[in-house]
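Following the hints, complete the assembly by docking chain B onto the known chain A.
Listed below are the residues making up each chain.
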Amino acid sequence: DAMVIQNPRYQVTQFGKPVTLSCSQTLNHNVMYWYQQKSSQAPKLLFHYYDKDFNNEADTPDNFQSRRPNTSFCFLDIRSPGLGDAAMYLCATSRDTAAGYTFGSGTRLTVV
Amino acid sequence: AQRVTQPEKLLSVFKGAPVELKCNYSYSGSPELFWYVQYSRQRLQLLLRHISRESIKGFTADLNKGETSFHLKKPFAQEEDSAMYYCALRNTGRRALTFGSGTRLQVQP
Chain A
1 DAMVIQNPRY
11 QVTQFGKPVT
21 LSCSQTLNHN
31 VMYWYQQKSS
41 QAPKLLFHYY
51 DKDFNNEADT
61 PDNFQSRRPN
71 TSFCFLDIRS
81 PGLGDAAMYL
91 CATSRDTAAG
101 YTFGSGTRLT
111 VV
Chain B
1001 AQRVTQPEKL
1011 LSVFKGAPVE
1021 LKCNYSYSGS
1031 PELFWYVQYS
1041 RQRLQLLLRH
1051 ISRESIKGFT
1061 ADLNKGETSF
1071 HLKKPFAQEE
1081 DSAMYYCALR
1091 NTGRRALTFG
1101 SGTRLQVQP
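Protein sequence lines correspond, in order, to chains A and B. Just so you know, the working numbering puts 45 at position 45 of the first sequence, and the rest follows in order with no gaps. Just so you know, the working numbering puts 1004 at position 4 of the second sequence, and the rest follows in order with no gaps.
If we strip away everything but chain A, and leave its shape as in the complex, we get (with noise of 0.2 Å):
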């Protein structure tokens, strides 16, 4: 019954070659999230969709992109995936801004 489904759970990637990480949720709600979390750090803010409406980070760098194509869906690309981009990419919902966040399992991104 998970209601927010990130796949895959583990990719891997070569140096430079784009790739698409994808979230899907069942709950209906308006915002989704992007965090990107490597280790022992923090989970760092990418992005989030109010809607359509993106909402970027002043320092996420412009290799990140975003695309929420409906309701459901949210993906994160990463147009020339670095080594500096290994890390773990979280995608959370929430209901409007008030309300706290469903989180799913992650991807977890490997460049080699």
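No false leads were slipped in.
With a straight-line Cα cutoff of 30 Å, these simulated DSBU-like cross-link-like pairs (lysine-lysine) come out: (1) A/Lys38 x B/Lys1022; (2) B/Lys1009 x A/Lys44; (3) B/Lys1009 x B/Lys1073; (4) B/Lys1057 x A/Lys38; (5) A/Lys38 x B/Lys1073; (6) A/Lys44 x B/Lys1073; (7) B/Lys1065 x A/Lys44; (8) A/Lys38 x B/Lys1009; (9) B/Lys1022 x A/Lys44; (10) B/Lys1009 x B/Lys1022.
Per the computed footprint, the stretches of chain A lying under chain B, defined by three or more beta-carbons under 8 Å from a beta-carbon of chain B, are: (11) 30 to 42; (12) 45 to 51; (13) 104 to 112.
For the record, the hints were derived by calculation from the structure and aren't laboratory data. Glycine included, C-beta positions come from ideal geometry on N, C-alpha and C.
Showing chain B alone in chain A's frame:
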């Protein structure tokens, strides 16, 4: 800029001992504070939020604006409390949460 600090990477206690996981924040406005927990091989999940003033699984947390702290406490630790705990903050007018780097709680038998 808002910041959340969890000074301890690891806290190890024995079963039945009291637990206090520290969280300090820096923000000048009126923040919302949360605690999230991640058990082994599970996803991050909400444990409690300060506006609810509730006790979940025996844990409580009080927002102390004077000390800018939101420490998580439990009087008697259980082995099943072993997990990673993250403190998080949301300021008014901003949707997203800012997380601390987490504290791993180990409860030994």
